[in-house]
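Participant: Chains R and Y, in that order, give the protein sequences.
Heads up, the first sequence is in the numbering used here, so the first residue is 7 and it goes up one at a time.
Heads up, the second sequence is in the numbering used here, so the first residue is 7 and it goes up one at a time.
Hints may be right or wrong, so weigh each one.
Below, a list of computed lysine-lysine pairs in the BS3-like style, where the Cα atoms sit at most 27 Å apart [as the list claims (entries may be wrong)]: (1) K597/R <-> K578/Y; (2) K413/R <-> K428/Y; (3) K584/Y <-> K578/R; (4) K412/R <-> K265/Y; (5) K578/Y <-> K584/R; (6) K584/Y <-> K584/R; (7) K265/R <-> K413/Y; (8) K412/R <-> K413/Y; (9) K300/R <-> K41/R; (10) K300/Y <-> K543/R; (11) K265/Y <-> K265/R; (12) K597/Y <-> K578/R; (13) K440/Y <-> K412/R; (14) K413/R <-> K413/Y; (15) K412/Y <-> K413/R; (16) K412/Y <-> K265/R; (17) K265/Y <-> K413/R; (18) K543/Y <-> K300/R; (19) K265/R <-> K300/Y; (20) K412/Y <-> K428/R.
Keep in mind the hints are simulated off the structure, nothing from the lab.
Number of protein chains: 2
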Amino acid sequence: MSGEKKEYPKEHIDLYQQIKWNGWGDTRKFLHQLKPSGTIAMTTPEVSSVPLPSLRGFIKKELTLPGEEDKPFVLDETPALQIENIHVDPPKQYPEFVRELKAFFLPDQLKDDKLARITHTFGKSLRDLIRVRIGQVKNAPDLIVLPHSHEEVERLVQLAHKYNVVIIPMGGGSNIVGAIEPVSNERFTVSIDMRRMNKVLWVDRREMTACIQVGIMGPELEKQLHKQGVSLGHDPDSFEFSTLGGWLATCSSGHQSDKYGDIEDMAVSFRTVTPTGTLELRNGARSGAGINYKHIILGSEGTLGIITEAVMKVHAVPQAVEYYGFLFPTFAHAVSALQQIRSSEVIPTMIRVYDPEETQLSFAWKPSKGAVSEFTSAMVKKYLHYIRSFDFKNVCLSIIGFEGPKKVVDFHRTSVFDILSKNAAFGLGSAPGKTWAEKRYDLPYIRDFLLDHNMWVDVAETTVSYANLQTLWKDAKQTFVKHFKDQGIPAWICAHISHTYTNGVCLYFIFASKQNENKDMAQYIEAKKLMTDIIFKYGGSLSHHHGVGYEHVPWMTRYATRGWINVYRSLKETIDPKDICNPRKLIPTIKEENNKEPFLFDVVNVKYPKL
Amino acid sequence: MSGEKKEYPKEHIDLYQQIKWNGWGDTRKFLHQLKPSGTIAMTTPEVSSVPLPSLRGFIKKELTLPGEEDKPFVLDETPALQIENIHVDPPKQYPEFVRELKAFFLPDQLKDDKLARITHTFGKSLRDLIRVRIGQVKNAPDLIVLPHSHEEVERLVQLAHKYNVVIIPMGGGSNIVGAIEPVSNERFTVSIDMRRMNKVLWVDRREMTACIQVGIMGPELEKQLHKQGVSLGHDPDSFEFSTLGGWLATCSSGHQSDKYGDIEDMAVSFRTVTPTGTLELRNGARSGAGINYKHIILGSEGTLGIITEAVMKVHAVPQAVEYYGFLFPTFAHAVSALQQIRSSEVIPTMIRVYDPEETQLSFAWKPSKGAVSEFTSAMVKKYLHYIRSFDFKNVCLSIIGFEGPKKVVDFHRTSVFDILSKNAAFGLGSAPGKTWAEKRYDLPYIRDFLLDHNMWVDVAETTVSYANLQTLWKDAKQTFVKHFKDQGIPAWICAHISHTYTNGVCLYFIFASKQNENKDMAQYIEAKKLMTDIIFKYGGSLSHHHGVGYEHVPWMTRYATRGWINVYRSLKETIDPKDICNPRKLIPTIKEENNKEPFLFDVVNVKYPKL
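Here chain R stands alone, though its shape is the one from the complex (with noise of 0.2 Å):
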């Protein structure tokens, strides 16, 4: 067993080989500075060095303090730890589980080298590569294990319950919310990388549905499901990243859920494979005998049990797919022509309105000469200036989408267009589209850039009422840079609109400042409380699609309310008696909540919310 990745066999590397071990992404693809001029680029497996030459000066006049705009703007570096300087503790020895395992799984599904462990023990929020970074690897799982089948899940999970092993499934490991990361290590703990699990085992074009190991990757899920003209249509923003297992077990959402609906409107059956048994689900259209149990899985982020195979609902693969860029004059007239538009009954694909911080980001994210340029050419300016009384401070980008039939898309363009032009939309044509579609999964790429420049970057998403919408952003974004300015330290914050409902919209929150002078876990911590708090003053979900994870769990008891509490601990219970699925995430243990076991905020030396 070795995580040298040159030893390997091109077919032999892992997944987990391929994305970065501290960082977000693809290892080939970064941010970085051009010498000598500092100009930020990027960096990608099929180009390299390709400026954004507005993005130095954005990042200074946001990240400045005022009286320090004239001062010399250095980026500071804050480097990361190489693998090398980073200690591991040597994995506990569990001789008689493992004696077991080896009889079913080959030595290559095995693994318990540095490379593999630490990649397996952090998600990808802040806070995990924060500890990564300085090297604050504690609990790293001790053995990672790669199934090939729903079989030999089966085994392993039958052997652990069997041992009392930890198991923590990990499907493309890009969550936020420290779903997969070993809370203690008390007992012996396996990572479940589901990645070789890939396959899309059949596809029935006349139910429209097709059953998918859910170890696969957005990707590769979706190139093997357009070989036979289909597609899921699910497109999270980790979508390069992720796999179908852990949008199941997370509630995941697509860019496209206004259409393709979100996870859990995907979802016809699956196999979960718990401590006490598999649990089957039967694969057919809506049922009205009894409960529905698909649901206690969905959302159960690995706690309950491992899904292994999944019967999605598909679509044909679209005729036509068109996105196009508008400018709205403000976030108000973004906002009520969304609300038009959903009760118009004819709604896109796809609508997405950035704040006029997020826009004006868009427009220093653009590289020299692209597609996008045209958009914030002087002309357009003047024009939205002087004829349509734009303040270009206050626009608001949005990008809208309609895939389908090609007649279908025409009806909805014409529809909502017309909603639009009626809200003082200006339309920028389909080339803004095209750079959303193409630039989509970059952003995420800037926080490593800013870690490693004295700054950071975090996020924040939640469900809220149109009611709620434009007070809570407004009061968010106020709160957040006061709270930040008032100790000295500058700060950004931007949103957008992500998802529509009836009865809501997902607003999700960017946010940045510089790192305090111990470069710790403080500002994280502070964000993380005022964002969460602010959220729930306005009637915010806790999480519209990152989920609870351990990071969330502070505020699960609030949130879930007691009686169902109680009732997840029953199921708990049931399903996983022992505890071994992925402890002590989604709902605090008794012992947490009765203080006789640390829980998160104590662990970073900050008191946690009050129950």
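Let chain R serve as the given structure and place chain Y on it in line with the hints.
Facilitator: Relative to the frame of chain R, chain Y by itself:
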């Protein structure tokens, strides 16, 4: 306390007193024979004795054995017992419990007279009607309580838990699966009649939601919502005699579910009073923070608690409402058109397809002069036969509806009509649609008439895949008719498609025969087993929207699978540790499963299905 209707001032007449205690629906609406012709006619609160001149001939034709066609057709009289002649054991006494109850409830909210107790013993299944018609009233509840508020339900459930009193929620009492009957009489049993909790508490036109007391019945609900310009759009066959709470507890589905969704899609949140406390859900759009607990209550059929108030999605009262009739040359043509419509992504509000036998019944149901008469006219028949080569015996009537903003309806109509015409459908215009809308709640009234005349009719419905739809349809019909004809009993069966999904449809069978010599339950049980076995053979669900109740329990171990049975039992134990909530419904008890407690089919002396 008295059940004599005439003694009550109008405001005190409870809804249960206005619904037949031993049959379907409104006491003032029924089928009967006109003298001396024997023509079957319908009397309603609005119109007396409207003749249905073809119906008698239709019944004669379908329920006469070959060779007996020329014999005179006599409708034997097999009347039900009058209430005076039915014995009901006196209610059990529980003075401590009732004394505490009386501290919180008005005398008028507590009933234990004979009418009240009989009407709260049964639903409207054929088994229920057979029993009540012959006076077999075992296990009548000891007390009926009619709460006015959530708080009163909380008080009642707390007391019931304290005193180990069985509580069974009663909505409209329209279920046909034994959902509300007290299965044993060991414990003091209260039927909680929810129908005084009938207010829309608020409507939020921005989020398009309404908070509603769940005891409200369909017509009153829509009336209150319409006043505020909105509609729920949930319209099951039982609409006139069922409640929102019943719909939620049993996973109901309405005629227009293709557009407005099934009840679980409409339900945002609700309050459930359980013996261990009230379970609250978050009001708001979709959240991804853990398990969506609402699905544990939906479909739990009163076995976990009593739903009291619900926030439901509503929509604007549609600007355009258009329903049309079509004739397809064969059932296969209709199914093919339906699948093409589904894959076109332009889905009507409703698609109902009647098979040839049900189409003939529709024709036979027409009043002497009515809107539908046109489409059976000689001219249309001739046209279809000579010009379109339709064999009238195979013709399938379809009702297709569109609701929504005018321009959406226009687009949908154009798109759907195009597919229909490519599939040889013959348009009948809007008259059949209008007739369907007007008469859609009438058919169940035929059952009482048939039972009064030595016949019976029952129904079975399922969700089945497109792949198995036509084979199930054919096999079920052939098997059913053969089964009874082999015994020398004429039998008739028809079916329609009532709800459509991307991966299947709801197929709904109606079947009838003459009664056997003993007028006993044997035929019901035979038909139930036969139909359920065939449905399972083709992978159909145990029910699409009728639910489980008591009558489907024997199949649930096989249907829900072992693992989920255990999960349900653990939920039940946690939420309702004394098993006071609607016991012995939904999932068999461990005692039943181990043959230590009589099971449904034992009671009627028919071996229950192999589990």
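Participant: K412/Y and K413/R: Cα distance at most 27 Å?
Facilitator: OK: K412/Y and K413/R at ~18 Å, within 27 Å.
Participant: Would you check the hint for K412/Y and K428/R, treating anything up to 27 Å between C-alpha atoms as holding?
Facilitator: 19 Å, holds
Participant: Is the Cα-Cα distance between K412/Y and K265/R 27 Å or less?
Facilitator: 21 Å, holds
Participant: Hey, K440/Y versus K412/R, does the alpha-carbon distance stay inside 27 Å?
Facilitator: 33 Å, violated
Participant: Are the Cα positions of K578/Y and K584/R separated by 27 Å at most?
Facilitator: It holds: about 21 Å lies between the C-alpha atoms, which stays within 27 Å.
Participant: Decide if the proposed pair is consistent with the structure: K412/R and K413/Y, CA atoms, cutoff 27 Å inclusive.
Facilitator: Distance of about 18 Å is within 27 Å: holds.
Participant: Given the proposed pairing of K265/R with K300/Y, does the C-alpha separation stay at or below 27 Å?
Facilitator: 23 Å, holds
Participant: For the pair supplied as a hint, K300/Y and K543/R, is the alpha-carbon distance within the 27 Å limit?
Facilitator: Judged against 27 Å, a Cα distance of about 23 Å means the pair holds.
Participant: Does K578/R sit within 27 Å of K597/Y, going by the straight-line distance between their CA atoms?
Facilitator: 24 Å, holds
Participant: What's the verdict on K265/Y and K413/R, does the C-alpha distance respect the 27 Å limit or exceed it?
Facilitator: The given pair, whose Cα atoms are some 20 Å apart, holds under the 27 Å limit.
Participant: Does K265/R sit within 27 Å of K265/Y, going by the straight-line distance between their CA atoms?
Facilitator: At roughly 14 Å apart (the allowed maximum being 27 Å), K265/R and K265/Y satisfy the hint.
Participant: Given the hinted pair K584/Y and K584/R, is their alpha-carbon gap at most 27 Å?
Facilitator: 26 Å, holds
Hints 9, 13, counting from the list given before, are not met by this structure.
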